[in-house]
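Listed below, chain by chain, are the residues.
Number of protein chains: 4
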Amino acid sequence: MLNIGLIGAGRIGQIHGESIANRNPNANLAAISDVHLPSAQALAERLHVKNVYTDHRDILADPTIDAVAICSSSNVHAQQIKEAAEAGKHIFCEKPIATDLAKIDEALAAVEKAGVKLLVAFQRRFDPSFAAAQAKVAAGELGDPRLIIITSRDPAPPPVEYLKASGGLFNDMTIHDFDMARFLVPDSPIVEVYATGGTLVDEKIGTEANDIDTAALILKYENGATAIINNCRQSDYGYDQRIEWFGSKGQVQVNNHQPNQAVISTAAGVESALPYHFFLERYMDAYVNEMQAFIDCVNNDTAPIVSGIDGRWPVVIAKAAALSLQENRPVLISEIK
Amino acid sequence: MLNIGLIGAGRIGQIHGESIANRNPNANLAAISDVHLPSAQALAERLHVKNVYTDHRDILADPTIDAVAICSSSNVHAQQIKEAAEAGKHIFCEKPIATDLAKIDEALAAVEKAGVKLLVAFQRRFDPSFAAAQAKVAAGELGDPRLIIITSRDPAPPPVEYLKASGGLFNDMTIHDFDMARFLVPDSPIVEVYATGGTLVDEKIGTEANDIDTAALILKYENGATAIINNCRQSDYGYDQRIEWFGSKGQVQVNNHQPNQAVISTAAGVESALPYHFFLERYMDAYVNEMQAFIDCVNNDTAPIVSGIDGRWPVVIAKAAALSLQENRPVLISEIK
Amino acid sequence: MLNIGLIGAGRIGQIHGESIANRNPNANLAAISDVHLPSAQALAERLHVKNVYTDHRDILADPTIDAVAICSSSNVHAQQIKEAAEAGKHIFCEKPIATDLAKIDEALAAVEKAGVKLLVAFQRRFDPSFAAAQAKVAAGELGDPRLIIITSRDPAPPPVEYLKASGGLFNDMTIHDFDMARFLVPDSPIVEVYATGGTLVDEKIGTEANDIDTAALILKYENGATAIINNCRQSDYGYDQRIEWFGSKGQVQVNNHQPNQAVISTAAGVESALPYHFFLERYMDAYVNEMQAFIDCVNNDTAPIVSGIDGRWPVVIAKAAALSLQENRPVLISEIK
Amino acid sequence: MLNIGLIGAGRIGQIHGESIANRNPNANLAAISDVHLPSAQALAERLHVKNVYTDHRDILADPTIDAVAICSSSNVHAQQIKEAAEAGKHIFCEKPIATDLAKIDEALAAVEKAGVKLLVAFQRRFDPSFAAAQAKVAAGELGDPRLIIITSRDPAPPPVEYLKASGGLFNDMTIHDFDMARFLVPDSPIVEVYATGGTLVDEKIGTEANDIDTAALILKYENGATAIINNCRQSDYGYDQRIEWFGSKGQVQVNNHQPNQAVISTAAGVESALPYHFFLERYMDAYVNEMQAFIDCVNNDTAPIVSGIDGRWPVVIAKAAALSLQENRPVLISEIK
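Residue numbers (the working numbering), protein chains in the order written: chain A, 21 to 357; chain B, 21 to 357; chain C, 21 to 357; chain D, 21 to 357.
In isolation and in its complexed conformation, chain A is listed as follows:
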């Protein structure tokens, strides 16, 4: 039985807290902290948790707690990883570790030194469809990779205010696709990025947030394969999350998940349901699965499926993509320090 303390009781913290408390027989939600105490209290009451704190260090100080789930603001992730590692706790951390590479490296060094487990929560790796696709790939059934196509489109853009602080499309949205690109070609590193994009959804995203809302990227792997990513902040038909992996022996496509399988045929045409509305619905299974994977890797002393290095890579690629967009040229990963 793994005793876990939850740091952060916001939207994603509630999902992970509920997962620990109600869906994992081998874990126990032992404490909750949030800088906004009432949030922690409300969640604790719902999940029958007794220990509630404002300061996450109260969790770290509790010797009965084995692990923490960091669901706080992104800007404190790296610091909390460091502290948790120093306290000897295993760590589940929401992405990103940080946007600054030096901070990431410092956090990873602390994890390394402490010898604790760190799982970075790129939940798409735990989605049943993407995982099934990758299993086929990893088993070699589809041969060597040639072309990988990753599609991510959001139903609607966040407010411009949010975007101003988001770190830009590549850090905020494409970061998941960068992780997918690595997940789907595990044996060969990405060596070059070409990124292009613009503001086709809302001009203010450019003029006010200095960001883009639509992008297309080409990533080259060392082995000669290519990944193509396309993104948009707005999609009239809803949340669009697909991948295609094409190799020397075949192809696998992951299509969108739909809330129902009813198909209606009338004189107007044949109609089926739109995809799930957005990431909470689409990836609910994945959130449960990733927490299960974290609990299992600690309980069974196995390697985390998404390591600290896996958490660092997408940040590097995002920096290369940003530079490529700025200079309209392919950028080598080795240019990013």
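Worth flagging that the hints you see were computed from the coordinates, not collected in a lab.
Treat each hint with caution, since some may be false.
[Unchecked claim] Lysine-lysine pairs mimicking DSSO-like chemistry, simulated, CA-CA at most 30 Å apart: (1) D:Lys70 x C:Lys70; (2) A:Lys184 x A:Lys357; (3) A:Lys115 x A:Lys339; (4) B:Lys156 x B:Lys269; (5) C:Lys224 x B:Lys269; (6) B:Lys224 x C:Lys156; (7) A:Lys70 x B:Lys70; (8) A:Lys115 x A:Lys102; (9) C:Lys184 x B:Lys269; (10) B:Lys269 x D:Lys269; (11) A:Lys269 x C:Lys156; (12) C:Lys156 x A:Lys156; (13) C:Lys184 x C:Lys339; (14) B:Lys115 x B:Lys224; (15) D:Lys269 x A:Lys224; (16) A:Lys269 x D:Lys184; (17) D:Lys133 x D:Lys102; (18) D:Lys156 x B:Lys156; (19) D:Lys184 x D:Lys123; (20) A:Lys339 x A:Lys184; (21) D:Lys357 x D:Lys102; (22) D:Lys269 x A:Lys184; (23) D:Lys156 x A:Lys224.
Please arrange chains B, C and D on chain A, whose structure you already have, making use of the hints.
The following block gives chains B, C and D in isolation, referenced to the frame of chain A:
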């Protein structure tokens, strides 16, 4: 906040208990009873419930409890409905109410007299796909019904020992399809049944359990529409649960739900995932939705979506089907008393 | 090179004539006859055919002609088969041979005596999809048959005047499904039929043509398997032609063919194309393939894929179905003499 | 009735000849020429054509001929267009017009001067699926374009000897995708190209033919939209021809066409057919449709759907792509002279 007592802590009782405790903010799981006390205790511990009993009458005697969820053995459902109604509790009851019409009528009379709500748990009505299909039908978008095709096939037959006590294929399995047939044509009663079938899966089902394992049925509605049901106790490709509704303005089909949306193309062909393995996976959303519907109908004082009469009808149709099979002739519903 | 004379230059005669003339390198369209000479002349001009007649006996008298394609009115098929057989010509004949069993038997006896080939044009057997499904079945890959579901729905009913002379739904429309039922379970004869139906499309079809427009049928095979057929004369979403074959090792479904594979996703839903409009579009490949099969069976001296007996069976089943509908009881095939 | 002379009786010439002779009631195949006379003679015999020549100029000299279909070797297209225009014949010409821009311009000038029609045979524009998709786009139903994804993968690479003379992947294969990119965003020109690729299928394609076999390209339109093209010379699952068009109001995808619609479900999974094997099967309807469009545009005096300029553009884009690949940088269309 609705205080609910759970009667029966077996497989389906655990599902409904977890639903009440963890997934419905407007309900509280206040007590659990099971004739096998350790089962009740184990579930109570997991769900943080304090009141645990062997005898369901301890739940009925508790004045703080508003409603019960009857998940006990089928043979005591009718009696427990009666007792719960007399105790003034609203009732959620697993299907079937009983297989004896007199017992059903007695239970329904008690419910009527007490003025409590009764929702009979035909979970397929709450499945997102079937519900979406029925909503189109009910909205009149597909016109008047003509042909309804209902397919139910199980991945594997239960043990012959189970089948001996099951009441036969029509009572044990087709009963859900009879309910679907009514759900999908709500405005016109079924008036005649022709049933045929045999043992194509396992001869012992015939020789030892005196039952059939494969069936085809034609049901006629008063309005002239026809429902076609086909069943099999064994399906190599897994649990097959589909419907098709065809009317004067169009058609709706509900296809199987799959655990993942990966499609693999190789020289051997284009391959996608098998359906969900069996009913617990396939109808998990439906189980949560039906408990939600029960809680809502009590809290909001609305009519239960599946009434006591809805619980009685499929039993009547099953009797007509059994007689039809025996005599190889169409049987009028009015023949069943 | 097979020299073929075409008897009948109407709609289906034009299709088969074009097939012989332009799509089969091993056949030659040598002559055309039609009781309406201008029809024969127009087709002959288009297809570069020199010999044009009013009387089909001029074709039969031509010693350079090896085979005939009978595409005349149904009521003269049996007589023309007899005459062609006596003239020593191989015979391709549109369905049905006749609706009178004695006439069929007389025609088949003439074919037998003459030792010529007869292929009855049940074109669905030559459809790429149905043929692919049946090939899987015939190869034993799906095990023993259990349930076969055949769906045929027309886009719109023919005029009531046509229906008065059509021989009734079972002879005019379901006859193809009866053939499919035999095609899909080749090793076991049909032994019993239960038919039900009514007029849900247009009351006049009942009151004026004494026919039904919607039907559901259950056919039992000797081996215990069951076929379910459902028909309707009108379908708002177009021509609906599907089959499902379910057996001890798996299932095969044939879905509708669509004129295009574009899938449109908007806020309103995910939409794809309606099926092909009607039988000429849907079965164009099948028409070409069946003529090819006829030419091949003559040129290579192999057995016709659809024999005279195959042409007789659906007529027998149709008679059993009509009797079942009339008396609302299952009817044994052995009752039909 | 349009009298057409066919220049070139090879594989594609046979398809177009058959189309003119047998499938277009408003056209007549009046003559055939081929530098290899027996090819012309064999085709003429099959299609009942009397005038057969070695020299295409015999066709041009015939005053009864209204139009020519140029299906000769690519290297003589431009010259024959010029001659045909000067002879006052309307022109249907297989792609490409030429690979040299000066030659193209000379041919187009001759067409312009003569005032004849020229339709360049990019057959994909006439494919029912791509045309249906484009019709939705052109009708504005899907809003303004954002991202277009074009996938073309061949079942197997041609011999290296062929590739040496092919002009390279972009001229030989991607050229169709460049045309699709223009077809799908008709209102805004392509202004920049970034191309990447390598030899992942067969090293000899690089070492001996100095070509690539796998490519990914990003094309920017003046309006800010982006097209992504991905190609491969070899695909284990067959010929893969898909498009996706995503805009401000929705998306359209064109999936592969399959030879049959049978779906097989066994314990091993759910399996459907592979795509059509290669372009002749996949685009047979398109070949017929494009000839029909040519005949219609001449007979009705309307503009050809694919003009001479439409024939020039893909050659320009291919040159930009080749330069981009060579220098690994985005190349402006305006750099190509």
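Q. Do the alpha carbons of Lys269 of chain A and Lys156 of chain C lie within 30 Å of each other, as the hint requires?
A. holds (24 Å)
**Q.** Pairwise hint evaluation, Lys184 of chain A against Lys269 of chain D, where the allowed Cα distance is 30 Å at most
**A.** holds (26 Å)
Q: Take a quick look at whether Lys115 of chain B and Lys224 of chain B sit within 30 Å of each other, Cα to Cα.
A: holds (27 Å)
Q. Is the straight-line distance between the alpha-carbon of Lys339 of chain A and that of Lys184 of chain A 30 Å or less?
A. The hint holds at about 17 Å.
(Q) Does Lys269 of chain B sit within 30 Å of Lys156 of chain B, going by the straight-line distance between their CA atoms? (A) holds (11 Å)
Q.
Does Lys123 of chain D sit within 30 Å of Lys184 of chain D, going by the straight-line distance between their CA atoms?
A. Measuring from Cα to Cα gives roughly 21 Å; hence the hint holds.
Q) Do the alpha carbons of Lys184 of chain C and Lys269 of chain B lie within 30 Å of each other, as the hint requires? A) holds (26 Å)
Q. Under the criterion that the straight-line Cα-Cα distance not exceed 30 Å, is the pair Lys115 of chain A, Lys102 of chain A satisfied?
A. holds (15 Å)
Q.
Would the hint linking Lys269 of chain A and Lys184 of chain D be met if the CA-CA limit is 30 Å?
A. Judged against 30 Å, a Cα distance of about 26 Å means the pair holds.
Q) Given the proposed pairing of Lys184 of chain A with Lys357 of chain A, does the C-alpha separation stay at or below 30 Å? A) holds (24 Å)
Q. If you draw a straight line from the CA of Lys133 of chain D to the CA of Lys102 of chain D, is it 30 Å or shorter?
A. holds (10 Å)
Q.
So if I understand the rule, the pair passes when the alpha-carbon distance is 30 Å or less; does Lys70 of chain D with Lys70 of chain C pass?
A. holds (17 Å)
Violated hints: none; the structure is consistent with every hint.
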